[in-house]
Amino acid sequence: MITVEKLFKSYAKTRVLHGIDHAQQRGEAVVLIGPSGCGKSTFLRCLNQLEIPDSGRITIDGVTVEGGQPPRTAREKEQQRQLRLRSGMVFQSFNLFPHLTVLENITLSPRVVKREPAAEAEARARALLVKVGLEAKAFAYPNHLSGGQQQRVAIARALAMEPRVMLFDEPTSALDPELRDEVLRVMLQLVEEGMTMIVVTHEMQFAREVADRILFFEGGRVLESGPPEQIFSHPLNERTREFLRRTDARRP
Amino acid sequence: MFLLLLAAGIGCAAAEDRLAEIRQRGELRWGADAEGGAPYVYPDPQHPERLIGFECDLAEALAAKLGVKARMVQNQWDQLIPALDRGNFDIILNGLEITTNNQQRVAMSRPYYVYAQQIVTRADTQNLTALEHLKGKPVGALSSSAALRLLEQSGGTDLRIYPGNVESFRDLKARRIEAVVLDLPIALFYAKDDPEVKLSGPSFAPGYYGIGARRQDVSLLAALNQAIGELVAEQGLERIYKKHGLWDERQAQLADYRPVAVAERARISTLREWPRYLPLLLRGAVTTVELSVVAMALAVVVGLVVVLARLHAPAPISWLARAYVEVIRGTPLLIQLFLIYYGLPEMGIRLNAFCAAILGLGLNYAASEAENYRAGIQSLPRGQTEAALALGLSRSQAFIHIILPQAARVVIPPVTNDFIAMFKDSSIVSVITMVELTKVYGMLAMSTYDYIGLGLMTAGIYFALSYPASLLASRLERKLSHDHR
Chain V
1 MITVEKLFKS YAKTRVLHGI DHAQQRGEAV VLIGPSGCGK STFLRCLNQL EIPDSGRITI
61 DGVTVEGGQP PRTAREKEQQ RQLRLRSGMV FQSFNLFPHL TVLENITLSP RVVKREPAAE
121 AEARARALLV KVGLEAKAFA YPNHLSGGQQ QRVAIARALA MEPRVMLFDE PTSALDPELR
181 DEVLRVMLQL VEEGMTMIVV THEMQFAREV ADRILFFEGG RVLESGPPEQ IFSHPLNERT
241 REFLRRTDAR RP
Chain D
253 MFLLLLAAGI GCAAAEDRLA EIRQRGELRW GADAEGGAPY VYPDPQHPER LIGFECDLAE
313 ALAAKLGVKA RMVQNQWDQL IPALDRGNFD IILNGLEITT NNQQRVAMSR PYYVYAQQIV
373 TRADTQNLTA LEHLKGKPVG ALSSSAALRL LEQSGGTDLR IYPGNVESFR DLKARRIEAV
433 VLDLPIALFY AKDDPEVKLS GPSFAPGYYG IGARRQDVSL LAALNQAIGE LVAEQGLERI
493 YKKHGLWDER QAQLADYRPV AVAERARIST LREWPRYLPL LLRGAVTTVE LSVVAMALAV
553 VVGLVVVLAR LHAPAPISWL ARAYVEVIRG TPLLIQLFLI YYGLPEMGIR LNAFCAAILG
613 LGLNYAASEA ENYRAGIQSL PRGQTEAALA LGLSRSQAFI HIILPQAARV VIPPVTNDFI
673 AMFKDSSIVS VITMVELTKV YGMLAMSTYD YIGLGLMTAG IYFALSYPAS LLASRLERKL
733 SHDHR
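Protein sequence lines, in the order shown, are assigned to chains V and D.
Numbering-wise (our numbering), the first sequence opens with residue 1 and increments by one.
Numbering-wise (our numbering), the second sequence opens with residue 253 and increments by one.
Isolated chain V (complex conformation) (with noise of 0.2 Å):
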């Protein structure tokens, strides 16, 4: 479902991905961990063409695209909205648009980008919002609702334009811990519907209960991956074993 080959970038002198390689099965769930900084944001924001890698190249569900200059002809930026049609991006800010209700947040995209006619976008963006538990606030502006329940609207958002593998960019960290619980339970339930996804997040226990595969990013590079009891247990790496020595007496 996604193949990411000898994927390079660098701001100004600094280089952030070195040559990073990853295959990924349909509904397999990956979740990146690693050291602020290391690259795993990056790395996600590259899948969608918010950063144009330096090289290598990207193929999710048989759209490819290669890394260099941002697409110039017609066909290159019809590669790469193809390439962001097939995922979507939960932020790690939420990014709702204020100006708009719930439920035009999530209408908007189907309707403008696919021209999808009102009554079919709305019907199925109110199921969606049903599916994250917020069917009451259809109506509501974002900034009346908690971070949680922002998070879960954005969740449903990416949802409706039906992509075939979900990005997380650490989609908690900018909550209080009594709301993350309610974002997790959203994306376990993805998980379970067997959504194809990319998970950056310093969430231990969630990476431990839901994810296929655990990559751990540092300085540019993926150091170790593997399943999560390998990773968690017997990490063989021991930039991995300090990393989460740290982070488990961070987090009991």
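The set of hints was computed from the structure by calculation and includes no laboratory data.
There could be a bad hint or two in this list.
As the list claims (entries may be wrong) - For the chain D half of the interface with chain V, some residues (derived, Cβ under 10 Å), not all of them:
(1) P297
(2) Q636
(3) A640
(4) L643
(5) S646
(6) I664
(7) T668
(8) I672
To be verified - Here are the simulated distance ranges between beta carbons:
(9) I52/V x L556/D: 25 to 35 Å
(10) P657/D x A74/V: 24 to 34 Å
(11) P720/D x A119/V: 46 to 56 Å
(12) L728/D x E78/V: 31 to 41 Å
Using N, Cα and C, we set each Cβ at its ideal position, and we do this for glycine too.
Given the coordinates of chain V, work out where chain D should sit on it, guided by the hints.
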């Protein structure tokens, strides 16, 4: 208390002997306007720091008679009388006509020159040789000049009022007007070396130029009258006028002028007579509103184009948009208006005054609207665009559906401020012959002399225009923010 002080001040001024003061100072200060002031007083084209003209020579001759030196004080021509009253200079010596109207406001000396009116047309124009031929034609005249009064009395012409002579000649050559009516000395000066224009028909409606002084400066006036009399008798005036090519047989009348006594005019209270004056001001206000609304609409649209070019266009176009903003903001609106109105015709683009005013104001404000929009757009978190792109929207779709509606809310207060400022800034277009509210105020104030009453009415009208705009804006702002925040 204040009134007492004021009365004491007036008493003081009356008691002063101006002539003694001038002699003590060693300097006769004469008020005149050297801007487009040829042939009366104007900067020497060869040595622009030096003033020349027949009134310069006359002022020096008069000062010499009083045993002092002459010093010219620059003042806008149609504001010379109020400036004399304020005490900015001792006398007005600048083509001030001896008319009943002027004599009601200032004391006038015996005449020093006999002028007449002259019609000037383009060289190829036929049959516009007398006042009655000008009916129904666009005709230019200098603000508060004898020609303007004459044309207003005869009526029927499409009158354009100019702040200076150079501008009216430009418009004549640019075919915006068919004829200019003006004092003969000016006509001689500007038309004689210019093959594009000609004096059309004989001069008419002769009158006298005299020196204006404050009514209380009796001794000064007497000394000036004596000095003029001596200059007439010694043929000193004749020498000066011959030097400037202005001597004609009419000047013989200077020797036997008999003054007519005219009483000081009673003060007019325009506030008490508001039904006469308010409608005139309101007519000017209509022009102000038309100008402001159309120019602002232009600014809002052009500003959007400019900000889009600046933020999203490829480098050379983005750079151009940025240069546009910087150049427009870094140069005075007045110069921009002059360039559009008087400069463009030389490149074959001739706009009428209204269009030029709209274009000037609109393009000027477009630069500041573009900056307002930019601030609004850049105040939005980057995540908004990113979220839209991640959902598959194109950049332009993201702009229309996500950025624009949010930026609009941020941008409404500064844009409204600009709109209100536009009401007031639009008064500057009077320099390109637009008669809007402030210009009407100026013209009425000059003829009634009631700067305060008319000023209050005019300020009231401006306030009545801008306050609803600001109310509307705050309501709009509240409505937009109430929903989303």
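Original post:
Any hints this thing doesn't respect? Which numbers, in order?
Top reply: Going through the list in order, the structure violates hints 1, 6, 7, 8 and 11 and respects the others.
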